[in-house]
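Q: Spelled out, the chains give:
Protein chains: 2
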Amino acid sequence: MIHDDLYYMDKAIHLAQHAASIDEVPVGCVIVCHGQIIARAYNKKEHSQQAIDHAEIRAIAQASRRLKSWRLEGCTLYVTLEPCMMCMGAIIQARIEKVVYGASDPKGGCANTVLSITDIHGFNHYPTIVSGVRQNECASLLKSYFKSKRKGKTA
Amino acid sequence: MIHDDLYYMDKAIHLAQHAASIDEVPVGCVIVCHGQIIARAYNKKEHSQQAIDHAEIRAIAQASRRLKSWRLEGCTLYVTLEPCMMCMGAIIQARIEKVVYGASDPKGGCANTVLSITDIHGFNHYPTIVSGVRQNECASLLKSYFKSKRKGKTA
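Chains as they are written, first to last, in our numbering: chain A, 1043 to 1197; chain B, 1043 to 1197.
To be clear, the hints were calculated from the coordinates, so they are not data collected in a lab.
A portion of the hints provided could be inaccurate.
Because identical chains cannot be distinguished in the list, a pair is counted as satisfied if it fits within a single copy or across any two copies.
[What the hints assert, rightly or not] Below are the PhoX-like pairs computed for lysine-lysine, each with C-alpha atoms no more than 25 angstroms apart in a straight line:
1. Lys1053 to Lys1086
2. Lys1140 to Lys1191
3. Lys1149 to Lys1195
4. Lys1110 to Lys1191
5. Lys1110 to Lys1086
6. Lys1195 to Lys1110
Fair warning: this is a prediction, and the values are worked out from it, not measured in the lab.
One chain only, chain A, in its complex shape (with noise of 0.2 angstroms):
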């Protein structure tokens, strides 16, 4: 059966809602082969102290395990806020063909916001990067996480 952005990006958010369930930072990727889902990851970093341990990076390692390669040529990658550097690096370094995000990150987003991607010249692969999809609900997310760790503080 033949899903749709839309599809693929609920997976993740309902992953980005697990993490703030377990109080991380609302990120949630999964990562699509032939339409078929091959990997699932939340952003887990307080519970690991692994600052790596960022949804996509998470993702991608899990891809390269099923598909018992490094090259993840063919698959896209959905996540509910922008990738930062790191994630984006490792996007490249997979060969990863499409990204697909909902929020932008205006602290750190390096595919479109604080670094644009394509304006960077001699990398030998570029993935596709379409933005801005469940926006509202992935950007959501993180609000009310940031808005409910802010009252813990001052409560």
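Since chain A is already given, all that's left is putting chain B on it; use the hints.
A: Chain B alone, transformed into the frame defined by chain A:
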């Protein structure tokens, strides 16, 4: 005992040599905290079939396990090759204080070459960058490796 950058870079070079000996692109990395080496890693991408298994990413994960924290403030990362976008991003995410690298990478170096990290505005952390330490040794290792690979292909 206080050691200088050359001492730690030599340790990274030994790790790069090990990578070459198992047919991986020779890149080695150590992370130093208060004069002590807390992580040692080499590029392992082909063996693990993981695009994220660059020397720096593996060293950062190891250092965080050791310190039980994703925050690697006060740490210095020594790497034989200029970090790529993914690794530079991970260095920023982990708040590593200083990066010392050997050879420049004209194909993907994101400290100074393809991208200069200080040209990007908006990140919440910028490491100090020192380049060219044991540059010739680090570059020679890579040149020899790629030369032997080309020979193997034409043999």
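Q: Could you figure out if Lys1149 and Lys1195 sit no more than 25 angstroms apart (CA to CA) within one copy, between two copies, both or neither?
A: Answer is within; shortest intra-copy Cα gap is 22 angstroms, inter-copy 45 angstroms.
Q: Regarding Lys1195 and Lys1110, is the shortest C-alpha distance of 25 angstroms or less found within a copy, between copies, in both, or in neither?
A: Classified as between: cross-chain Cα gap 24 angstroms, same-chain 44 angstroms, threshold 25 angstroms.
Q: Since the copies are identical, ignore which copy is meant and state whether Lys1110 and Lys1191 lie within 25 angstroms (CA to CA) inside a copy, between copies, both or neither.
A: between (39 angstroms within a copy, 23 angstroms between copies)
Q: Reference check for the pair Lys1110 and Lys1086, CA-CA at most 25 angstroms: within, between, both, or neither?
A: both (23 angstroms within a copy, 14 angstroms between copies)
Q: For Lys1053 vs Lys1086, is the C-alpha pair at or below 25 angstroms within one copy, between two copies, both, or neither?
A: within (17 angstroms within a copy, 31 angstroms between copies)
Q: How do Lys1140 and Lys1191 come out at 25 angstroms by Cα distance, when the copy is not named: within, between, both, or neither?
A: neither (33 angstroms within a copy, 31 angstroms between copies)
Violation of the numbered hints given earlier is confined to hint 2; every other hint is satisfied by the structure.
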